[in-house]
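Engineer: Here is what each chain is made of, one letter per residue.
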Amino acid sequence: MYGIGLLKGLAVTMRNMVSPGRQFTLHQYPDRRVGLLGLAKQANTNLVSYVLREPAMAAKSLIGLATVKDRMPQHPRFRGEEFVWYEERCTGCASCAKYCPLGIIEIVTHPSGDAMQEGEKYAIDVFDIDIGRCMFCGLCVEACPYDAIHMGSGFEESTYVREELVIDVDRLRSAPKRPSTWFRPQLEGKGYQPLDGQEVSWKDVGRHQMPDDSELEDRWAKR
Amino acid sequence: MAITTEPVTINLGPQHPSTHGVFRLRVTFDGEEVVDVEPVFGYLHRGTEKLAESRSYVQIVTLTDRLDYTASMSNNLAYVRAVEKLAGIEVPERAMYLRVITAELQRIASHLMATGFLLNDLGAFATPLMYCFRERERILDMFEMLCGARITLSYMRPGGVFQDAPAEFWPALDTFLVETPGYLDDLENLITGNEIVLARTRGVGILGDELAIATSVTGPMLRASGVQWDLRKADPYEVYDRLEFDIPIGVAGDTFDRYLVRILEMRESLKIIEQCVDQIPRGPIKPDLPFNLRPPEGDAYAAVEGPKGELGFYLVSDRGIAPYRCKIRAPSFINLTPLKEMVVGWKVGDLIVIFGSVDVVLGEVDR
Ligand code: SF4
Ligand code: SF4
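Going down the list, the sequences are from chains A and B. First residue of the first sequence: 1317, per our numbering; consecutive thereafter. First residue of the second sequence: 3, per our numbering; consecutive thereafter.
Bear in mind the hints are in silico, worked out from the structure with no lab data behind them.
Among the chain A residues that face chain B by a calculated CB cut under 7 Å, a handful are:
no., residue
1, 1321
2, 1324
3, 1325
4, 1328
5, 1391
6, 1393
7, 1394
8, 1395
9, 1417
10, 1453
11, 1498
Okay, derived cross-link-like pairs now, EDC-like style, lysine to aspartate or glutamate, Cα gap no bigger than 20 Å in a straight line:
no., chain 1, residue 1, chain 2, residue 2
12, B, 288, A, 1458
13, A, 1324, B, 190
14, A, 1324, B, 188
15, B, 288, A, 1504
16, A, 1506, B, 166
17, B, 349, B, 38
18, A, 1414, B, 55
C-beta atoms are modelled at their ideal positions from N, C-alpha and C, and glycine is treated no differently.
Taking the hints into account, I'd like the entire structure generated from these sequences.
Structural biologist: Dropping the structure here:
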């Protein structure tokens, strides 16, 4: 009968509208307005104890001013901007610069005189990454033989000025050390989440276990 | 008094919502009827083939992401297969299965997008598109688990894939496999029987099988015309010879068949992924290769059945670290060849629908 198809279609849209689990997940990035109940639920308490504990927030929520952060869940492997770079691990070999398809990493080094046990270390003068042209392919991270550079997890670096998109060595030094686990399987499977806020020390990001001091001495005494 | 009329030529695009990108159609109308159409492209030309001549073999993988940006995995696969053929690289089993799984997921994502936008072009504004995007989103989430990106994936490398799937990928894939058939039923209930869709698509823009073959059309478009040709069966690559699946074909070669073939293909893709999940062995995912490959002198052509058709890469090596020449056989571009024959005689509204059913991605048309 003519029209059956239309009715069937309407049934589908109706079912999708009411049945839980089939609805769209809506994330109100960057923050979502919540009421008192939502706040209490987030703090894992009931309504009364929340009001007693945080009267200011509770009052705010009543006039519709309380917000909580809201964003899509992100996998730890997410390839984002803000490269995480460990100066302690970097030898200035410039493999990353060589393998970047766009040639946007600029590295200038000088012999530092600060000899490591394996050889002389180069000090980094310039380490510029022009993320305005970066496509976040991660080949630089893949190429780094010493696990010194990692992808970050951010995506909120937009600026009004193009020049500010060049990440220089000072910014790399001071950036929070929360590497993405992309191409770094050693960071995976330990419950590490880049967005949790915990930082990883340079000793723990390598693909090999860092030998402790006595072991190192042993190794060098044998040579 | 006799009224004299004359045909009018109108530019559709390059900035037009229904051209799926920056694409210009110079259409000549007689009243509302199309009498001539001439596609004009090149607005998205980025010189990928030339750029490839100054990139090393691994770096080109990032360029292939940007050809058909709704099907990066398939592009990656076609390209790395050409490199492997050129350099004679053996691919480990596990990597082959991972590549087939991801390529089929990508096919589903791409077909969902094609279906959604076809319905959008039909005037079913946004509702079916949102249904399609909701499921596509889950595939993109799985890609994010695999390779940290959602669109520009760069997942494959000559010799394999760059990283194994994380532990949480497999449960996500299982839920996806369980839930998607029901979702496809939903989509079919919504669209396939709909009288308006039928009236707008049945018998519209017919592409006969002889013309389809003569114009080198491939992919769902060719199969909708009733030709059973699929590279996965005709020239099995990777592990497709170990998998069981059917090739759905259409009867009439009209717009409706092109839509239906895509839906049926998604179901076949789900079957393929299920079998892969059962069969996938443990093992390495990539042989130890230098970052800069230097394949021996020679040339190689490798093609895969991408979501839009036969996607091939022809590479010539002169022992350098970059290919001497890279030619891309882009299915979207070649599928546009019979466009004129399909649309002449139809009305303006049908022109948009027929063009939508070809499913072109302009990143691939212009390269
Ligand atoms: S992510 Fe890719 S484009 Fe960006 S700096 Fe690294 S290699 Fe270059
Ligand atoms: S980050 Fe890695 S690849 Fe780049 S210079 Fe430092 S050690 Fe070399």
